[in-house]
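Colleague: Chain by chain, the residues run as shown.
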Amino acid sequence: MLKSILYKEWIKIRLVVWIALGLGLLALINIFLKVRHDILFVDAANYWYSFLFRGYTYFSVLKFLPFVIGLAVAIAQYFPETVNKRIKLTFHLPVSENGILIKMHAFGAVILLALFLLLLGLFTAGSAIFFPSNIIRASLLTMMPWFLGGMATYFLVALILLEPMWIFRGLYAAVAAGFVTIFFTGASIGAFSPVLLPLALITLVLSCVVLFSGYRFRKGEM
Amino acid sequence: MIKFSRYILVATGILVASIVLPSLFWTIFEKVPRSPNIFYSTITEDFVIVDGSKKKNPKGKEYTSEEYEKILPFMFFRQLMADGTMPDSINGVLMEAPSISRASSFYRYTPKRTDSPVPTLWPMFESQSGKVNLSMPEDYFRIEKRMEFIVARTNEVNEEKSSLFTSALAEEGFSFPAKIIAGIPTTRKSCDEGYFITDDAGALFHVKMIKGQPYVVRIETPEELDIVYIEAVDIRSREYYCYVFTRNKGIFVVMDEVYDLQRLPVDGFNPSIHTFRLTSDLFNKCITVMGSNWYEAIAIDDMYNVVATHGEEWEDLYERPDGKMFASIFPFEIRMRDDNSSFVRFYFKPSPGVRWLIVNLLALIAAVVLIIRRGWPLRSNIPDLLITAVTGVYGLIATQFFPNKFSKVKPPVKN
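Chains A and B, in that order, are what the protein sequence lines are.
Counting along the first sequence from 1, when you hit position 27 you're at 272 in this note's numbering, and nothing is skipped either side.
Counting along the second sequence from 1, when you hit position 273 you're at 275 in this note's numbering, and nothing is skipped either side.
Derived by calculation from the structure, the hints in this document are not laboratory data.
Among the hints, erroneous ones may be present.
Label pairs and their computed distance ranges (CB to CB) [to be verified]: (1) Glu68/B with Gly431/A: 42 to 48 Å; (2) Leu441/A with Val134/B: 28 to 34 Å; (3) Thr302/A with Gly62/B: 49 to 55 Å; (4) Val134/B with Ser305/A: 55 to 61 Å; (5) Asn59/B with His282/A: 56 to 62 Å.
Computed cross-link-like contacts, BS3-like style, restricted to lysine-lysine with a CA-CA straight-line distance of at most 30 Å [as the list claims (entries may be wrong)]: (6) Lys330/A with Lys181/B; (7) Lys5/B with Lys257/A; (8) Lys114/B with Lys330/A; (9) Lys308/A with Lys114/B; (10) Lys348/A with Lys213/B; (11) Lys407/B with Lys348/A; (12) Lys248/A with Lys330/A; (13) Lys163/B with Lys114/B.
As the structure is a prediction and not an experimental result, all values here were calculated from the model.
Even glycine gets a Cβ: it sits at the ideal position worked out from N, Cα and C.
Next comes chain A alone, as it looks inside the complex (with noise of 0.2 Å):
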């Protein structure tokens, strides 16, 4: 049951994984190359000096990246269900239907965090190649806003799609804008850092919050 299940929601969202991954390779690939041409043309001294000095950052491409990634997954996940009501063939499976909501839900986090490691550990293998871990340390503090960010709209999401009630899909969008928001403030390198842990806590226990909109769709609330 849960294996069928599980797979019903990969061929769903495979295709936008698989965008998506391709997306973050191309992403890194430009990010590399540029570091590397541009190491050539003003030697690595000075580029080391644009990132600690001036605040240049050379993965800005990658910003919002995670934010788009999180939104497709979430809608190519989502977003069928919702079409004439799909999802309640789901809910009246012969099993718990806050279980099943629950198991779906974090089939979809964790490949998509999955895909976040994946292209962070490729990030931090390709910048050890030109940089120091203190560059290195500081990209990542300065990344890892943006892919909770990235968690955080996979989420909220969720949450807007399942939704039975237009009115109450925009609220909830009002809201989830504005938390999304915070994550990509526009700040210095390593600003972040005090803020972390609470905002990943927070994404933490957004985690669950889809269920509130799928009880209030399977009650039919109009």
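For chain A, the structure is supplied; the task is to place chain B on it using the hints.
Modeller: Frame of chain A, contents of chain B only:
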């Protein structure tokens, strides 16, 4: 679980509302706060306060632009020389452009400087290359378990240079790692004086490179200093190397060559909330310490003795009409950025006073009315009402955005 997920959403709603609504409020209603500039005039032997477009002395006498330029001859000497009104000598000292500009300097410290992400890699310049211009080194150093130089081109540690500097530091009793590293990491300076570094124990060191060799001086401090910030300066008078800001003992300058720590006559300076300004001329230095609604100006002579002081206080944010209005609407606000820091945090700012209680009460009444009109039982909405009573407008919005509609419908069937 489902109810719990709703409270998470309500909490998120409150967080977002308490960020967005106050920011909207300030964008519309905030008035420009006062931030006067204070100078010390050798001519009048008194302060000059520049507040907006007004220039006046502490007693309130206003100056015209011409008078203003005349009483600050060191700031406007080019203008005065062009007008032919520059005095030939002041206090018996002949006025010459080079000596005036050599003595002039300006420095400003804001709390943001202490509370900012700092680079952990620094370039070590050759300070006596024999060339007029400084050149960018090919490596950067970090001071963690030891002092390491990393060559940028290869991204590898230069072992020889690293152990040379590490042992030079260890010889002077440096305990690794470094806490604060302060220098001027640019080639656009008159000369290189390397770095001022505090070690793990809080001791202060001067480190530079002379002809490829390490030069390390342990700077003796008169007492235990809790150093929070150091700013190296490149002033033309070569009077001192750097400013040293401490949490417990005020502000010092480290005198050039002799490494004496000269304490500036400033008391009660808190580096995490106060701004510090210093303007220097041929005869005097004028220090201004500024809080959010006050300043204290201190003029000192070239021997660092106080010659005059002046202070002023004005309405604080929450005493002004815009702040009062804010404090009567919102119980608190959350900001992601703060004027005193470069870090992003949840800055929680409770509104002073209790005037916001009225709006909270109105929000509570509105919540009760909405619940009764929908025919929901009040008892199952007690948590919502409590949230609204405490967080006011924010809670009202958040609880309405995520409706508490569990009471009316049947509980889910468990399988």
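Colleague: Measure nothing beyond the straight line between the CA atoms of Lys114/B and Lys330/A; if it is 30 Å or shorter, mark the hint as holding.
Modeller: violated, 53 Å
Colleague: Could one say that the CB atoms of Asn59/B and His282/A fall in the range 56 to 62 Å?
Modeller: Hint holds: Cβ distance 60 Å, inside 56 to 62 Å.
Colleague: Taking 30 Å as the top limit, are the C-alpha atoms of Lys163/B and Lys114/B close enough?
Modeller: At roughly 34 Å apart (the allowed maximum being 30 Å), Lys114/B and Lys163/B break the hint.
Colleague: Could you say whether the range 42 to 48 Å given as a hint is met by the Cβ separation of Glu68/B and Gly431/A?
Modeller: holds, 44 Å
Colleague: Given the proposed pairing of Lys348/A with Lys213/B, does the C-alpha separation stay at or below 30 Å?
Modeller: violated, 66 Å
Colleague: Does Lys181/B lie within 30 Å of Lys330/A when you go C-alpha to C-alpha?
Modeller: violated, 60 Å
Colleague: Holds or violated: the 28 to 34 Å window for the beta-carbon distance between Leu441/A and Val134/B?
Modeller: violated, 46 Å
Colleague: Checking one constraint from the list: CA of Lys248/A to CA of Lys330/A, max 30 Å. Satisfied?
Modeller: holds, 22 Å
Colleague: With the threshold set at 30 Å, check whether the alpha-carbon distance from Lys308/A to Lys114/B stays at or below it.
Modeller: holds, 25 Å
Colleague: For the pair we were handed, Lys5/B and Lys257/A, check the Cα-Cα distance against 30 Å.
Modeller: Holds, at roughly 29 Å.
Colleague: Compare the distance between the alpha carbons of Lys407/B and Lys348/A with 30 Å, and conclude whether the hinted pair is satisfied.
Modeller: holds, 24 Å
Colleague: Are Thr302/A and Gly62/B spaced within 49 to 55 Å by their CB atoms?
Modeller: 50 Å Cβ-Cβ, so the 49 to 55 Å window holds.
Hint check: violations occur at hints 2, 4, 6, 8, 10, 13; the rest are consistent with the structure.
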